[in-house]
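Peer 1: Sequence:
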Amino acid sequence: MKRKPPGTKLSSFVFQVDIMIEDRHHAQALEKLIAGLNSAAFDDYRITSGIRLGELIDERTIEGAEPEPVPIVPQQPKSETSAKADSDSNEGFAPIRAFMKSNKLIRLIVNRGLGIKLSIPCRIINMDEGEHLITVYHVDEKQVYTFRLNEIEDFIE
1 MKRKPPGTKL SSFVFQVDIM IEDRHHAQAL EKLIAGLNSA AFDDYRITSG IRLGELIDER
61 TIEGAEPEPV PIVPQQPKSE TSAKADSDSN EGFAPIRAFM KSNKLIRLIV NRGLGIKLSI
121 PCRIINMDEG EHLITVYHVD EKQVYTFRLN EIEDFIE
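In full-length UniProt numbering, the protein residues as written are 1 to 157.
Hints are computed from structural coordinates only; laboratory data are not their basis. Be aware that a few hints might be false.
[Stated by the list, open to error] Cross-link-like lysine to aspartate or glutamate pairs, in silico, EDC-like; alpha carbons within 16 angstroms at most:
{"hint": "1", "residue 1": "K101", "residue 2": "E153"}
{"hint": "2", "residue 1": "K117", "residue 2": "E151"}
{"hint": "3", "residue 1": "K9", "residue 2": "D43"}
{"hint": "4", "residue 1": "K32", "residue 2": "E22"}
{"hint": "5", "residue 1": "K101", "residue 2": "D128"}
{"hint": "6", "residue 1": "K117", "residue 2": "E153"}
{"hint": "7", "residue 1": "K117", "residue 2": "E91"}
{"hint": "8", "residue 1": "K104", "residue 2": "E157"}
{"hint": "9", "residue 1": "K104", "residue 2": "D140"}
{"hint": "10", "residue 1": "K32", "residue 2": "D18"}
Predicted, not measured: the structure shown is a model, and the values here were computed from it.
Produce the entire structure from the sequences given, and follow the hints as far as they go.
Peer 2: Next up, the structure:
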């Protein structure tokens, strides 16, 4: 590429051009482009991008632009029997809630399975009724443990 002598007063212009060249391979098309640019009387050029990728992705995105409606089934109101069962299960949580509110020290007998039984002096910190979890603070070890309600055999005051 030749530089013009400093005495001439010419202006420079930059154009952005997209050129499509068809050939069997990307390398052969690029070779044709470079040969054409070199044979022209351009002062300078820069090839900023080459092969176009992702055309299938673009096509599929355009085809799948319409969202499919998802039917929403209205929730059935609870029957009286299921409401009664819920109230019965909540009644079983009453002593646990009382221990938790009073921050009373209790002994928890826990069956961890495989014959492992624990006797833990603790205070109840939290209870998750939905997941049937109970979180306790072990007063001797100063650690927090979480047990499932089905692991607990007894509460001793």
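Peer 1: For each hint, tell me whether it holds in the structure or not.
Peer 2: Structure-based check of each hint:
{"no.": "1", "hint": "K101 x E153", "verdict": "21 angstroms, violated"}
{"no.": "2", "hint": "K117 x E151", "verdict": "10 angstroms, holds"}
{"no.": "3", "hint": "K9 x D43", "verdict": "15 angstroms, holds"}
{"no.": "4", "hint": "K32 x E22", "verdict": "10 angstroms, holds"}
{"no.": "5", "hint": "K101 x D128", "verdict": "14 angstroms, holds"}
{"no.": "6", "hint": "K117 x E153", "verdict": "9 angstroms, holds"}
{"no.": "7", "hint": "K117 x E91", "verdict": "26 angstroms, violated"}
{"no.": "8", "hint": "K104 x E157", "verdict": "8 angstroms, holds"}
{"no.": "9", "hint": "K104 x D140", "verdict": "15 angstroms, holds"}
{"no.": "10", "hint": "K32 x D18", "verdict": "15 angstroms, holds"}
Hint check: violations occur at hints 1 and 7; the rest are consistent with the structure.
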